[in-house]
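Colleague: Sequence:
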Amino acid sequence: MRINRSGTSMNNSTETGTPLKRTDYCGELRAAHEGREVVLCGWVHKTRDMGHIVFVDLRDREGLAQVVFQSDRPELAEEAKRLRNEFVVGVRGRVRRRSAVNKDIPTGEVEVEAFELRVFAASKVPPFVVADPPQASEELRLKYRYLDLRRPKMQRHIRLRHEASLAVRNYMSRNGFFEIETPILANPTPEGARDYLVPSRIYKGRFYALPQSPQQFKQTLMISGFDRYFQIVRCFRDEDLRADRQPEFTQIDIETSFIDREEFFTLNEGLMEALFALAGGKVERPFRRLPYAEAMEKYGSDKPDLRVPLEMRDLTAVGGESSSEILKATIAGGGELKCLLVPGAGALSRGQLDKLGDKAKALGAKGLVWIKKQDGWKSSLKMADADFEMIWAALGGADTDLALLVADKRDTALKALGEIRRAWPMEDAARKDRLEFCWVTDFPLFEWNKEEKRFVSMHHPFTSPHEDDLGLLETEPDKVRAKAYDLVLNGVEVGGGSIRIHDMDLQRRVFKSLGLTDKETEEKFGYFLEALSFGAPPHGGIAFGFDRLVMLLAGEESIREVIPFPKTTSALDLMTNSPSAVTERQLEELGLKLRG
RNA sequence: GGGGUCGUAGUUCAGCUGGUUAGAACGCCGGCCUGUCACGCCGGAGGUCGCGAGUUCGAGUCUCGUCGGCCCCGCCA
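Going by this note's numbering, the residue at position 370 of the first sequence is 365; the numbering climbs one at a time, nothing skipped.
There may be inaccurate statements among the hints.
Okay, derived cross-link-like pairs now, DSSO-like style, lysine-lysine, Cα gap no bigger than 30 angstroms in a straight line [unchecked claim]:
no., residue 1, residue 2
1, K277, K148
2, K427, K474
3, K377, K354
4, K361, K350
5, K293, K277
6, K562, K298
7, K277, K298
8, K377, K323
9, K199, K293
10, K148, K427
11, K373, K354
12, K404, K298
13, K119, K76
14, K404, K474
15, K474, K514
16, K361, K445
17, K350, K377
18, K427, K277
19, K293, K323
20, K368, K354
21, K368, K404
Keep in mind the hints are simulated off the structure, nothing from the lab.
Quantities reported herein were computed from a predicted structural model and do not represent experimental measurements.
Whenever a hint applies, use it, and build me the whole structure from the sequences.
Modeller: Shown next, in the form of structure tokens:
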């Protein structure tokens, strides 16, 4: 029987006619299987042809097993010699102990002595070798994703994803939550991200939108009395991509009624504990609570990485009393002086300090001032020794420390030093492996949008304002705090949510503050406002980025590593070539016409 | 929308200030080998240097454009 690499299927080599029915997964064979006759099915991972003896590593989703073809069955050995990588085969044989154990693989104590071989399918030479780590660009991996997914690591990731979704469903169900589906064809929304639009054939000129999240539906479910809802659900946002952002992504969406914030946090902390148990991670509870204002002031970020043991300090008062004209002028002009004290970093070279300065400038700061106390004061800023003494005393710095200062507009200074803080190398490996969760709370309800020249919701328009700030809604909207919270893990925003508005009148006031006209409000949210008037329970919820969570569980730095078929950063699917053109007829049916 | 970076055998890369025949490793093909597991040894094939213009006596190398990968800013309620 000829074996070729055309990719077409071939006949069975031994022509026994009996079907080869798999008895075991390759990766599950152990010493306990010794003596058993087994049938394995899988892909040829590698062959080692020694002349009169041929070794074949056979791979399936559970792992590798070594199959041996010996010369006492010459015909079989001849067949085995023609096997090539990625052929799909079935093997009948007997499990026996190896003469030399391979400690690198779990099945390394045993091997299978083959007495029947069937080639189910040949394979062309693959464009890259299916092995870890991949010796292929991400571009090639994405084009041949079906081959990339055969790699043991990708198989582990996809399995981990399954286990994570199972853990979520078990945990939520155990806590009384129902998984309830919501529409994928929904309404476009005036707020938030760009929508993916779906034209309606029946109503020409009208569009569905793919949901950015099931927000209104899940709140509606609360009004319907379902009380505890969750869903592992696909969401769509037509915005630019990143390592942690895909146009379609998966959320763990949760909503509850009649529960206060603390109870809700506890529930979610338990969910995180259940998830990270999958990776053997230890989760310390309760999680730290960090008001937004404090997070910005200390870490220059609303998603601080708390593994980095550095905090920022405000030195505006001290800087104002210094003799430095630059500092005094900046502060007099409404700027602030922020400082990051880095213990033990006084030995940093001039070149390293310049690089930090470049980084600060790239983030919009006018410059970075560094101060160290080694053989007298050294600094990028000329000041009197008394000024240095004053700053050092305010910081409580040691002789070996390094102080990094930015005097600028408050936001700019915090952002620049916050970014330097975030990127500070973690020499301590144990610290790097820690799981530093924190709840960032009390976000502002609104933020100013420069392009649209109006306030927009920082979270979303259904977020409840803090009751103490209700009076500011119309007068000083930027001062209103929201009952919104994010869950942050090691500098990654893994989830965000809020206590919702359940009062129709308050909801109307918020829409008004956002600059929505009565007409827009009625059109887009009319049904929802009416629903709120039929007895809406107090409720709130959260949505977690499932891809990001699985990414962190897998120890990866891109969600593409845990999504079976991801898109590139320019939103292409390199395997299917989507998106693609449609026929004129399709457009016509939808009442659409392409513009030149 | 903007910035950075990369694109050279099937793959990962090297290729100096522009200069004769574009290299290595892995993979692939053929041969040898009875205990390999990064098998080994011998031999071989394999290139539109992403694509298109331009500069030049001469372009993988320089310039511009374009397509694509990755990273970042904006954006992402």
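Colleague: Going through the earlier hints one by one, which of them does the structure break, listed in rising order?
Modeller: 2, 9
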